[in-house]
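Enquirer: Listed here are the chains, written in short residue letters.
There are 4 protein chains.
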Amino acid sequence: MLVVMQQDASSEQIQRVVGVIEEMGYQARPIPGEQRMAIGVVGNDGPVDTSRVEGLPGVQEVISVSAPYKLVSREWRKQDTTIPLFNGTVIGGPNTVVMAGPCGVESEAQLLETAEAVAKAGATVLRGGAYKPRTSPYSYQGMGVEGLKLLAKARERFGLAVITEAIDLESLDAVEEYADIIQIGARNMQNFSLLRRAGKARKPVMLKRGLSATLKEWLLAAEYILAEGNEQVILCERGVRSFETYTRNMVDINAIPVIKQLSHLPIVADPSHGTGRRELVSPIARAAVAAGADGIMVEVHRDPTQAKSDGPQSLYPEQFRTMMGELERISAVMGKPLLTGSAIAPKGNRP
Amino acid sequence: MLVVMQQDASSEQIQRVVGVIEEMGYQARPIPGEQRMAIGVVGNDGPVDTSRVEGLPGVQEVISVSAPYKLVSREWRKQDTTIPLFNGTVIGGPNTVVMAGPCGVESEAQLLETAEAVAKAGATVLRGGAYKPRTSPYSYQGMGVEGLKLLAKARERFGLAVITEAIDLESLDAVEEYADIIQIGARNMQNFSLLRRAGKARKPVMLKRGLSATLKEWLLAAEYILAEGNEQVILCERGVRSFETYTRNMVDINAIPVIKQLSHLPIVADPSHGTGRRELVSPIARAAVAAGADGIMVEVHRDPTQAKSDGPQSLYPEQFRTMMGELERISAVMGKPLLTGSAIAPKGNRP
Amino acid sequence: MLVVMQQDASSEQIQRVVGVIEEMGYQARPIPGEQRMAIGVVGNDGPVDTSRVEGLPGVQEVISVSAPYKLVSREWRKQDTTIPLFNGTVIGGPNTVVMAGPCGVESEAQLLETAEAVAKAGATVLRGGAYKPRTSPYSYQGMGVEGLKLLAKARERFGLAVITEAIDLESLDAVEEYADIIQIGARNMQNFSLLRRAGKARKPVMLKRGLSATLKEWLLAAEYILAEGNEQVILCERGVRSFETYTRNMVDINAIPVIKQLSHLPIVADPSHGTGRRELVSPIARAAVAAGADGIMVEVHRDPTQAKSDGPQSLYPEQFRTMMGELERISAVMGKPLLTGSAIAPKGNRP
Amino acid sequence: MLVVMQQDASSEQIQRVVGVIEEMGYQARPIPGEQRMAIGVVGNDGPVDTSRVEGLPGVQEVISVSAPYKLVSREWRKQDTTIPLFNGTVIGGPNTVVMAGPCGVESEAQLLETAEAVAKAGATVLRGGAYKPRTSPYSYQGMGVEGLKLLAKARERFGLAVITEAIDLESLDAVEEYADIIQIGARNMQNFSLLRRAGKARKPVMLKRGLSATLKEWLLAAEYILAEGNEQVILCERGVRSFETYTRNMVDINAIPVIKQLSHLPIVADPSHGTGRRELVSPIARAAVAAGADGIMVEVHRDPTQAKSDGPQSLYPEQFRTMMGELERISAVMGKPLLTGSAIAPKGNRP
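Protein chains in written order, with my numbering: chain A, 3 to 353; chain B, 3 to 353; chain C, 3 to 353; chain D, 3 to 353.
Bear in mind the hints are in silico, worked out from the structure with no lab data behind them.
Worth double-checking, as some hints may not be accurate.
Since copy identity is lost for identical chains, a pair holds within one copy or between any two.
Quick list of in silico lysine to aspartate or glutamate cross-link-like pairs, EDC-like style, CA-CA up to 20 angstroms [unchecked claim]:
{"#": "1", "residue 1": "Lys80", "residue 2": "Glu328"}
{"#": "2", "residue 1": "Lys218", "residue 2": "Glu233"}
{"#": "3", "residue 1": "Lys202", "residue 2": "Glu172"}
{"#": "4", "residue 1": "Lys205", "residue 2": "Glu178"}
{"#": "5", "residue 1": "Lys205", "residue 2": "Glu179"}
{"#": "6", "residue 1": "Lys262", "residue 2": "Glu328"}
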């Protein structure tokens, strides 16, 4: 529910509305606008009796927000949310952004060589898992904090912003310290304690769609983060589970324009996990940008045949360069030019 | 199985190989190449004992075609199949093609006005259902032959090629007579009798993907048509069934580059049935072209609010014009410029 | 829509209601009840203006049937539909019925030996495909009419009723002549021409659920058959498509009590196609009966290792006997005792 | 991998095999059998070079365990795992067990009245959520520790064992203290940190299947728990996500016999969450038992119309009693009689 105040509403009138909302057992969130104040009501699980608020002095209109999510909705906030990073990259802004790097951080040489390759090709955000959520307890589980330190080293050297996954409360503390964006993976999309913790983080959060999450469930998961106060959230479509076995998942390109319509949050696509096949990464990356995505996250490895995880879906550096050329042309047509390293500070430093 | 002959193989040697294949109970299909002859073997349901063929004079190599489909596969035929139509349109060739029109033919005025609008905006193929496969026996079932005659009239007047759906053997006879492309719908993708009949038709066939057909099942359905001798087949991705209820179906953009890799047949996408929502048609059409589709089929109605079926997913003529502009730019980037009416004979006539 | 007449309504009043319904462009179907007459209205695709009917003399009540299907619904018909067969078997009645036999009719010896085995174990209906809808054009396609004749021979010899699949209009003619129940397969569930033809057949029809058909779509497909006048329809749950690859399909046991609630038609389950694995057939057959199914259809082969199709899911005769014992106990608990051959005429003859 | 020792192998020989396995970088787990010792090898993510072990003195055979999971597999452990509880209930043993109670603990009166009703009807385990994982951050989130204390009170009064869900590390500590079985919900099935923590708990764990988890992923999730040393794991099928919208989820009854075949762990079914509809709970509960389930978990509420969550799928106490009668008969037929409160110590006390 959104209470829109009259243009000339006094601060006393606003305070009174806030007070009544709290008396009713909800939370009130004043949202200052250019011409008038609006007050969001959260904490209600179902319809609210609006009559007590409608009659208060200074109230112009009470708008019922019909969707079960609120803070993430376009109804709540008309303008696109933008996520600025230290090196000049802005996700959700006028440019298309590319995040690239290996599936997992495996060694200093592997990470730095790959980071150099993706930076040279124009990527401005470096991906790389230090903590790996693995289906089998016996699979490689990642380098942990050592991996985070290597990511920080790569940032220093190449001016890339860093995104990496947190898999639980403990790793989130570490990721928050070292990375520029905290990634929440598909398997944790409804790990509500982790979402709440991410909502208290001082860093942006990228929330991947769950394996078979509906768009509504995904937006509600993001709502958990915003409800704790962190509005810097990026959504990432990474393919959903289907009956088709040729591809690892089915990238739901339809989700991109739908999310743009329903929400003000930026959305990127991950064609690497989405397809599970190297040769499909470029076409699906192009499709995502053409459908309106704010960016792309792809796996690149200096030598995919040696990757400890996800080799078959990792691009060779050469393939990544070709893809960047394609995305440059598609994103130009979309009026959302590709952001490349040369367009931002040549050697950024973390503030 | 594919028997590759030596460059200097004599016609007697070729005849002998054909004879042995037929003795083994299979059919032999000679495929003349630029430098050498190959002989395809069809009719085997499982592995073939190649030893009898390998030792024959003139045989250079016997290649096992591993996929369960053959005639539709890239292994069988390297070059893209092209489908030329009377008015200069070529599907699967160097241009991106747009097919547009109403979901169903409802009246002369409705069809001609819509046809004129899509022709003016650049479409070169007119769609419109005369026979409608409807989930409920009580829903509007189409105009039948009267609808086909109206489609032919629109072709005469605007030089558009005509595509329309056949829903059974009887309607296929009529559609074959009146239309330029015979459409087989998603619900009939495994109607094998209909596929066999389409394989004997003298017109190209567009085969839509079944509601939850795997890519392999879809290619095998196309194989039924080619196996009867009709090689003019177009595939159409129209969205698959999923758990997501926001969109009518989930357009599987991934299918486009996969089909391009596995098969030589052209593939188009139908974002109208795929999404079920007008506002998603343009983004998904752009995505399909960016992923490598040979064309797009979309529903346009002079007044969607009055449509007897599929109104919510039909574009207004004005929206269609805007979409054509977007597709023009995306297809140019893809090196596969949009084919528009002005680029082909201004008033085509059916041969 | 259902028009309920007063108990003492005259036949003139009934005729007048019928006339008004027909004037409105719909069909009227008088349904005599024990105490009063009701008149069903079909042919409307959407809400009907009831005011013209409500005011007519003799009309007690006009009930709107909310579901999109009508003739198949419990609202339309309260009592269970029963399907009596020549040999005393009744499907949908007080007994649980077992249909068994090979996937396909392969030879006289194969069919007769298998038929004898299933008859001895208690089955009263023999299954066996003479026409096989196959995903690949190169797979074994069945014996055709020769297969039907063998099925008739097995009927003569063992007193089993015969069910076999029709895959198109042509084969339906033949199946109608030779079989006792016409089966429509999953791939043809929305082959509307075939459904209409089945609706005119003089034999009961068993309609399998489509690969990813919703319950509503399935009931609407059955509605096509009833709308043509054939009320002897059996539904068959045979597993739906899912992301799980361990089983061939996912048998949706939930569908059984739901269908029982929504419809008066009998429902059976096919655990053979449903699971694709011999060792799962018995547990799923038991589950289906415990959930309220009217019967079971299973594949049995005298020697599954030699089957031309579906060997891995066919039971050995010995396994079938064991399963019959289990079903006997479960169906007794359900108050719907297993019908076995010994309970009906020892050697039935077709009327 | 499993190393089977000769019957007369000395403890020195066994120690040497253990040493070599550890040298190779794996963990060795001696498994004493009745006649001989076997040594399990865990920690390998892929094939192990068996040659070093095969030649050692005392080794009879090295068995490769082909599945990606090990400790949970039937190959690893032939006998069914049994989970004994303080009040005489044994899950996975010769009896069918029923767990029942409200979706969430809402108040002392609500819990105690419901607990009394289910105890009187024969249930021996009480369910009730104190921590609720909710899709929306604005939905009711449970009573927390106060709820756990009420569950303990109900246990004291009615001799019921208690199962309740832990949703994160913090709540797991509390649940471990108060409950008899720790439940891990569907959304946390791949919350690997939580699984590891559950693997260190001193209480049995019930692991629900994820919303679209394959059977392999589910077993691997259980493997996480066993790999940490907790072998008291129960699996719970609660329905998977599908395209069908009539039911909340699709209960995959097929999973029951498959899990029984692949694993030694007990499996129960939850028809309440599985179907989301009260009227389907009994039929699906019966089907699960008929398919071989070790037990059933159902939601019962003294007044479902007043439930804060899941009202539509909660049984009335009267319906629960009727269902118990049905399960009694089905489980008797299955040779796995229903365990009821009167069969165990009338008033159990926690050890």
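Enquirer: Are the hints correct? Go through all of them and say.
Expert: These are the hints, each one checked on the structure:
| no. | hint | verdict |
| --- | --- | --- |
| 1 | Lys80 / Glu328 | neither (31 angstroms within a copy, 24 angstroms between copies) |
| 2 | Lys218 / Glu233 | within (18 angstroms within a copy, 37 angstroms between copies) |
| 3 | Lys202 / Glu172 | both (14 angstroms within a copy, 17 angstroms between copies) |
| 4 | Lys205 / Glu178 | within (6 angstroms within a copy, 33 angstroms between copies) |
| 5 | Lys205 / Glu179 | within (9 angstroms within a copy, 35 angstroms between copies) |
| 6 | Lys262 / Glu328 | between (23 angstroms within a copy, 18 angstroms between copies) |
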